[in-house]
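A.B. asks: Each residue of the sequence shown is one higher than the one before, counting from 2 in our numbering.
You may find that some hints are simply not true.
[Stated by the list, open to error] DSS-like, lysine-lysine: derived pairs with alpha carbons at most 27 Å apart: (1) 167 / 389; (2) 376 / 26; (3) 240 / 48; (4) 376 / 397; (5) 168 / 26; (6) 235 / 26; (7) 48 / 98; (8) 167 / 191; (9) 48 / 191; (10) 236 / 114; (11) 91 / 257; (12) 180 / 168; (13) 43 / 253; (14) 43 / 257; (15) 191 / 400; (16) 180 / 235; (17) 96 / 326; (18) 305 / 91; (19) 404 / 180; (20) 236 / 31; (21) 168 / 183.
[As the list claims (entries may be wrong)] FRET-style restraints, in silico, Cβ to Cβ: (22) 33 / 316: 45 to 55 Å; (23) 295 / 359: 26 to 36 Å; (24) 193 / 289: 23 to 33 Å; (25) 121 / 324: 58 to 68 Å.
Simulated from the structure, these hints should not be mistaken for laboratory data.
Fair warning: this is a prediction, and the values are worked out from it, not measured in the lab.
Quick reminder that beta carbons are idealized off the backbone N, C-alpha and C, glycines included.
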Amino acid sequence: MESLDNKNSLPGAGQKIEEYVNRIKNGESKDSIFQGLPESFKSGIEKRLNKTSEEKPEQGISEIPAKYRGLDSETLDFIWTFPEYVDQEKTKELKEKKARALAALREKESAEKGKEERHQSDQQKIAELREQLGVTKPVETMENQEKPLAVSKQEELPALSIEERKKLHGWTASYELAKIAKQQDIDLSKISREEYVDFAIQNSLAIDDDQLRVAPWQRMGTSVEEIVLANREKKAQIKEESEKAFAEFCYKIQQKAGQENRFLSENIRVRQGTKDSNSWLFFGINNGTGEKSSETYKSYVSVKDLNTLTPERFTQFMTALRDAKYNGDIKIFQDLSEQGVRLNDQIVMHGGSQADAELALQVAEQFFSTDLDQKSAGKDEVVDGENKSYSQILAKKIKESIK
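Just need the whole structure built from these sequences, with the hints factored in.
C.D. replies: Written as structure tokens, this is what we have:
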């Protein structure tokens, strides 16, 4: 079987391999990680571990944008985002650049962590030797004592004026919007995307399409640190067996995308573009989306517990769409714990018509029932000669409404 060491050909699986490699380098048992993984993943991890020592982290770190330099890898991974461009090559190039930079930064962090652990081990050995020899520890003087860091309670800042709010945009605007929501006892994670847009307009805060595409729980964060911590908790809720099963599913689907026969079952096929995608798995159902149009009708859903969104259940959902006579495409993320927990739109249905998109949403409501979390419908359009996604159109509406 082909191995997964080629990260550029299989970016989705390559990202998962990178995560496993970092966990092993940080002390987690390789045997426990290998348990349940297909041989292709094990081979890719082994080769990546062997190649690590030959790489120079500085080369990848230099690709980090200046405004993000100095951040740790976890925060960088969260905050360095970009939209899904219509030009897939542009999106692929940016994501590969980010993957290289993150891999290099994690390698550097791992090396620094190793040095710190060795230093602590040396200090422990010195302390044990002193105790055995009866040597007292040197008395610390005022000069060599470390001064404790001053911890001050964060003062409540006065509310911003409307004009001050209008100067904010993107994540900065979303943090301010979260503060306002907390003051008004509004749970932003429970409202629809369209209601979130209206709330932003009412409060003169120009959030953009990045904030409209992320999981609703991120709307509650008042700082990047707060969101990163929450993201860590969400990732911890993903079961190891769920993650491994989805990683194997992703690999098999990307392999299928490169084959002549791409049918999973009758009238359900893997789209060829999946082979080179580094973010989504694409499928066509029945007659697909048909000819290209200036408008693409879509419906979007997410589930409450990603552990329930197994490969088998997703495949059953596609079967339900087929049997309901849905014509269109469907896509799902490639990575459960990295992408899935962060996305508002975990599953996206591209209808061949508006009626198809509406039908897909009805089928999703019936199929997922009480497990369904977010749901919405919209359409991509050509605006001023450029293809714009539904979230970009909503972001444009916000910007124009609060000038």
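A.B. asks: Would the hint linking residue 167 and residue 389 be met if the CA-CA limit is 27 Å?
C.D. replies: Cα-Cα ~24 Å, so holds.
A.B. asks: Has the hinted range 23 to 33 Å been met by the Cβ atoms of residue 193 and residue 289?
C.D. replies: holds, 28 Å
A.B. asks: Using the Cβ atoms, figure out if residue 121 sits within 58 to 68 Å of residue 324.
C.D. replies: holds, 60 Å
A.B. asks: Decide if the proposed pair is consistent with the structure: residue 180 and residue 235, CA atoms, cutoff 27 Å inclusive.
C.D. replies: With Cα atoms ~21 Å apart, residue 180 and residue 235 stay inside 27 Å; holds.
A.B. asks: Quick one, are residue 240 and residue 48 close enough, alpha carbons at most 27 Å?
C.D. replies: holds, 25 Å
A.B. asks: Between the alpha carbons of residue 168 and residue 183, is the straight-line distance 27 Å or under?
C.D. replies: holds, 21 Å
A.B. asks: CA of residue 43 to CA of residue 257, is that 27 Å or under?
C.D. replies: holds, 20 Å
A.B. asks: Taking 27 Å as the top limit, are the C-alpha atoms of residue 236 and residue 31 close enough?
C.D. replies: Since the Cα atoms of residue 236 and residue 31 sit roughly 20 Å apart, the hinted pair holds (cutoff 27 Å).
A.B. asks: Is residue 180 close enough to residue 168, meaning Cα to Cα at most 27 Å?
C.D. replies: Given pair residue 180, residue 168 holds - Cα atoms ~16 Å apart, limit 27 Å.
A.B. asks: Take a look at whether the Cβ-Cβ distance between residue 33 and residue 316 falls inside 45 to 55 Å.
C.D. replies: violated, 28 Å
A.B. asks: Is the hinted pair residue 404 and residue 180 satisfied, with a Cα-Cα distance of at most 27 Å?
C.D. replies: holds, 22 Å
A.B. asks: Between residue 96 and residue 326, is the straight-line Cα distance small enough, at 27 Å or below?
C.D. replies: Judged against 27 Å, a Cα distance of about 35 Å means the pair is violated.
Consistency with the previously given hints fails for numbers 2, 5, 9, 17, 18, 22, 23, ordered from lowest to highest.
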